[in-house]
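Heads up: the protein sequence lines correspond to chains A and B, in order.
Heads up: the first sequence runs through residues 82 to 139, numbered per the numbering used here.
Heads up: the second sequence runs through residues 1372 to 1506, numbered per the numbering used here.
Derived from the structure by calculation, the hints contain no laboratory data.
Heads up, some of the hints might be wrong.
Under 10 Å between C-beta atoms, here's a sample of chain A residues computed to sit facing chain B [unchecked claim]:
#1 Glu-89
#2 Gly-110
#3 Ile-117
Backbone N, C-alpha and C fix where the C-beta goes; we use that ideal spot for every residue, glycine too.
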Amino acid sequence: MSYIITSELEVCNKVKGDSITEKELLNAGANIEALIAGNHIKATGGTTKPAIQEGAEK
Amino acid sequence: MARIVLTDAKCTINGVNLSDHIASITLSTSADVVETTGFSSTAARTRVAGLQDNSVTLEFHQDFATSNVEQTIYPLIGTATTIVVSPTSTVSATSPSYSFSALISEWQPLSGAVGELATASVTWPISGAITKAVA
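Build out the structure end to end from the sequences listed, making use of the hints.
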């Protein structure tokens, strides 16, 4: 999961428009939900799709 | 670095750099004093250090703009969050950073009198140890 900085303020040493991964945020001890609620970051929708196993219904 | 006049202190709360909206930072650390005095010929009390008790006091300039002070702090009320403070914005051998987890136990969304700047002065207890780092 990755996020884009939407805040006018520096977030985890990154500035508006930069991307930041969930791992980077967690390593910095950040509360991701609070950052989203505060309009500091926004999910970029880059989630990994679960692989469909062979034989499974699509 | 010699004596220092604070002009460029840095404070990040939940990773957000709010330094330009903070006018005062006080990081306090103390340890309980546990008495160990026993009968002896010295007739003087003896003591050892007990548990540490740490806190941080910050004075904010309130700002309700998008992704600013209010929007940063309000979602954190009642939670423990990571705070990093340093005497200058660049951490070096002579300008350490202190990181810790503080419990956002109080907040003043609105405080001030007519004609005054809206401010919020808070003291948050620190949960656990303070980590000091130098570059």
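A quick look at each hint next to the structure:
no. : hint    : in the structure
1   : Glu-89  : holds (6 Å)
2   : Gly-110 : holds (3 Å)
3   : Ile-117 : holds (9 Å)
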